[in-house]
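Peer 1: Take the given structure of chain F and dock chain X to it, following the hints.
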Amino acid sequence: DQQVKQNSPSLSVQEGRISILNCDYTNSMFDYFLWYKKYPAEGPTFLISISSIKDKNEDGRFTVFLNKSAKHLSLHIVPSQPGDSAVYFCAASASNTGNQFYFGTGTSLTVIP
Amino acid sequence: GAGVSQSPSNKVTEKGKDVELRCDPISGHTALYWYRQSLGQGLEFLIYFQGNSAPDKSGLPSDRFSAERTGGSVSTLTIQRTQQEDSAVYLCASSLSRLEQETQYFGPGTRLLVL
Chain F
1 DQQVKQNSPS LSVQEGRISI LNCDYTNSMF DYFLWYKKYP AEGPTFLISI
51 SSIKDKNEDG RFTVFLNKSA KHLSLHIVPS QPGDSAVYFC AASASNTGNQ
101 FYFGTGTSLT VIP
Chain X
1 GAGVSQSPSN KVTEKGKDVE LRCDPISGHT ALYWYRQSLG QGLEFLIYFQ
51 GNSAPDKSGL PSDRFSAERT GGSVSTLTIQ RTQQEDSAVY LCASSLSRLE
101 QETQYFGPGT RLLVL
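Residue numbers (this note's numbering), protein chains in the order written: chain F, 1 to 113; chain X, 1 to 115.
If we strip away everything but chain F, and leave its shape as in the complex, we get:
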């Protein structure tokens, strides 16, 4: 039962344009969300997070938006750069359910120079 879903397995964007990666979740108890970036043969690296008390968090070129009513979050990268090409995972956790983080299946982003 996939509680965190990334329905787009891949995305291609032109350099300089905006990349929008989407993530949906089913558990309304999730209150903390993260995005990780993964290059081939490396482990995921933390990118940005958002708590459910916010609807937006920005860090440089990366912005995460949270729509709790729709159980949807998105990662915006603008402007996109070729070095952003990687697999992006969203993850969610609920503070009242202990230690589990639930990850999506990932979206492979390709930024075309």
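Hint data in this document are derived by calculation from the structure and do not stem from the laboratory. Just so you know, not all the hints are guaranteed correct.
Using C-beta positions, here's what the derived DEER-type ranges look like [what the hints assert, rightly or not]:
1) A70(F) / S7(X): 39 to 49 Å
2) E58(F) / P8(X): 38 to 48 Å
3) L11(F) / S38(X): 17 to 27 Å
4) S58(X) / H76(F): 15 to 25 Å
5) Q100(F) / S5(X): 16 to 26 Å
6) S66(X) / S69(F): 24 to 34 Å
7) T70(X) / S69(F): 19 to 29 Å
8) T70(X) / Q100(F): 22 to 32 Å
9) Q41(X) / G60(F): 27 to 37 Å
10) T70(X) / G60(F): 31 to 41 Å
11) A41(F) / G71(X): 21 to 31 Å
12) T78(X) / A41(F): 19 to 29 Å
Far from chain F, some chain X residues (derived; all Cβ distances over 12 Å) [said to hold, decoys possible]:
13) V19
14) R22
15) S27
16) P61
17) R64
18) S66
19) G72
20) V74
21) T78
22) R111
Cβ coordinates follow ideal geometry from the N, Cα and C atoms, glycine included.
Peer 2: Frame of chain F, contents of chain X only:
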């Protein structure tokens, strides 16, 4: 380096054999997680260690899987009598603590192939 390290990076084994996967967390990190990523799947939580507390084993898929963490540092994930469906990338992560949903730092993973 100062990151999470895992060994071996790749492991090929025959069905029915036991395997051991090792994780060296970042020094000082008290929390350690094991995840599994099968082809086309997200990261699946396996087990969690926090300091000297009893581990959270709720994600282990069967009793063939076990893990230990010696001295609060290095962890070993053991898979007994491996099956082909155990083929996956096994990722280890560590964080300073479980408090405040601390950011996890991942190792590069061990790619396990069971023939």
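Peer 1: Take the hints in turn and mark each one as holding or not.
Peer 2: Outcome of the hint check:
1. A70(F) / S7(X): 39 to 49 Å: At roughly 42 Å between Cβ atoms, S7(X) and A70(F) fall inside 39 to 49 Å, so the hint holds.
2. E58(F) / P8(X): 38 to 48 Å: holds, 40 Å
3. L11(F) / S38(X): 17 to 27 Å: holds, 22 Å
4. S58(X) / H76(F): 15 to 25 Å: violated, 34 Å
5. Q100(F) / S5(X): 16 to 26 Å: Holds: the Cβ-Cβ distance is about 24 Å, inside 16 to 26 Å.
6. S66(X) / S69(F): 24 to 34 Å: violated, 42 Å
7. T70(X) / S69(F): 19 to 29 Å: Once the Cβ atoms are compared, 46 Å apart, the range 19 to 29 Å for S69(F) and T70(X) is violated.
8. T70(X) / Q100(F): 22 to 32 Å: At 24 Å between Cβs, range holds.
9. Q41(X) / G60(F): 27 to 37 Å: holds, 30 Å
10. T70(X) / G60(F): 31 to 41 Å: Given range 31 to 41 Å: holds, Cβ gap about 40 Å.
11. A41(F) / G71(X): 21 to 31 Å: At roughly 29 Å between Cβ atoms, G71(X) and A41(F) fall inside 21 to 31 Å, so the hint holds.
12. T78(X) / A41(F): 19 to 29 Å: holds, 24 Å
13. V19: holds, 19 Å
14. R22: holds, 14 Å
15. S27: holds, 17 Å
16. P61: holds, 14 Å
17. R64: Answer for R64(X): holds, closest chain F Cβ roughly 21 Å.
18. S66: Answer for S66(X): holds, closest chain F Cβ roughly 17 Å.
19. G72: holds, 16 Å
20. V74: holds, 17 Å
21. T78: holds, 20 Å
22. R111: violated, 9 Å
Hints 4, 6, 7, 22 from the list above are not met by this structure, while the remaining hints are.
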